[in-house]
Structures are given as C-alpha cells and as structure tokens.
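Residues 22 to 148, numbered by my numbering, are exactly what the sequence shown covers, in order.
Treat the hints with caution; some may be incorrect.
Stated by the list, open to error - The calculated lysine to any residue pairs, modelled on SDA-like cross-linking and capped at a C-alpha distance of 20 Å, are: (1) 26 to 59; (2) 27 to 110; (3) 26 to 137; (4) 26 to 129; (5) 27 to 74; (6) 26 to 128; (7) 26 to 102; (8) 26 to 132; (9) 26 to 103; (10) 27 to 61; (11) 27 to 139; (12) 27 to 121; (13) 27 to 128; (14) 27 to 117; (15) 26 to 61; (16) 26 to 100; (17) 27 to 102; (18) 26 to 67; (19) 27 to 101; (20) 26 to 85; (21) 27 to 59; (22) 26 to 96; (23) 27 to 96; (24) 27 to 133; (25) 26 to 57; (26) 26 to 126; (27) 27 to 92; (28) 26 to 121; (29) 27 to 125; (30) 26 to 130; (31) 26 to 139; (32) 26 to 101; (33) 27 to 113; (34) 26 to 127; (35) 26 to 133.
By construction, these hints were calculated from the structure, which means they are not laboratory data.
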Amino acid sequence: MPEAKKYSVAVTAHSTYLPDQSDEEEDRYVFAYTIRITNNGNTVAQLVSRHWIITDAENQVQEVRGMGVVGEQPTLRPGDTFEYSSGSSIPTSVGTMRGTYQMVAEDGTRFDAPIPEFTLSVPRVLH
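Required output: the full structure, derived from the provided sequences and hints.
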C-alpha cells in the first residue's frame, strides 16, 4: 500500500467578510472562515494541533499555533469529514491564510495536512 494514500487528509476553506464586526476606520477587518477536513487515507487520524500563517496586504505575518480546532481534536475515520467555522481579523482589507494541521494516525505516525492558501477580502476590493 503506498504511504501517500495511507495518510491523506484534504482541506478546503471558504472565507466571508464580516462588516458588522469590522471597524475599517480603525483598520480592523474581520473574516469568518469555514474549513472542511476530509480523511482520504485508509487509516484513522486525529487532528491534534494547528499552525496558521496569516499575511495582510502589507506583508505583515501573524503565526498562530494551538491545540485542536474550535476546542476539539477530531478523530476522522477513512472517508470522514469534519467541518468547523472560526474567524480572524487583520489590519488590511485583503490578506491570506494558509497553514498545516498536525495529525496523528492510529499507528502513531505523525504527519501534516496542508491547509491551502485562501484569500481574506472585503467584497469589491479584489477584481
């Protein structure tokens, strides 16, 4: 069995601007995002921690590390999907988020699930 298939977790993200929680005059732009994590491998895996790299339009980078996601450390069987929503704020109207989830497989193997870069953008800012 190829190792790449044994440990395979796909991550997709979608973000939305939250104008009611933002204060543009104070350079505070708040975004909600929904993450969908699917175990495409053939072994049970648990998400134990996260590492986010958040970059604003001025190339200022925030790194965020923490245990689990939204207070959980979900365990995904092959084919399972876990979805959650969270939020982030940046000082510019456009930015990006990317990172990794640190996973532990049933056999104790640790591996990273990459979070593809996605855009945080106030509507009508990017064309």
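We went through each hint and held it up to the structure:
| no. | hint | verdict |
| --- | --- | --- |
| 1 | 26 to 59 | holds (13 Å) |
| 2 | 27 to 110 | violated (36 Å) |
| 3 | 26 to 137 | holds (19 Å) |
| 4 | 26 to 129 | holds (16 Å) |
| 5 | 27 to 74 | violated (27 Å) |
| 6 | 26 to 128 | holds (14 Å) |
| 7 | 26 to 102 | holds (16 Å) |
| 8 | 26 to 132 | holds (12 Å) |
| 9 | 26 to 103 | holds (19 Å) |
| 10 | 27 to 61 | holds (8 Å) |
| 11 | 27 to 139 | violated (26 Å) |
| 12 | 27 to 121 | holds (18 Å) |
| 13 | 27 to 128 | holds (11 Å) |
| 14 | 27 to 117 | violated (30 Å) |
| 15 | 26 to 61 | holds (7 Å) |
| 16 | 26 to 100 | holds (12 Å) |
| 17 | 27 to 102 | holds (16 Å) |
| 18 | 26 to 67 | holds (16 Å) |
| 19 | 27 to 101 | holds (14 Å) |
| 20 | 26 to 85 | violated (28 Å) |
| 21 | 27 to 59 | holds (13 Å) |
| 22 | 26 to 96 | holds (17 Å) |
| 23 | 27 to 96 | holds (15 Å) |
| 24 | 27 to 133 | holds (13 Å) |
| 25 | 26 to 57 | holds (19 Å) |
| 26 | 26 to 126 | holds (12 Å) |
| 27 | 27 to 92 | violated (27 Å) |
| 28 | 26 to 121 | holds (18 Å) |
| 29 | 27 to 125 | holds (12 Å) |
| 30 | 26 to 130 | holds (14 Å) |
| 31 | 26 to 139 | violated (25 Å) |
| 32 | 26 to 101 | holds (15 Å) |
| 33 | 27 to 113 | violated (40 Å) |
| 34 | 26 to 127 | holds (14 Å) |
| 35 | 26 to 133 | holds (14 Å) |
Comparing the model with each numbered hint stated earlier shows that hints 2, 5, 11, 14, 20, 27, 31 and 33 do not hold.
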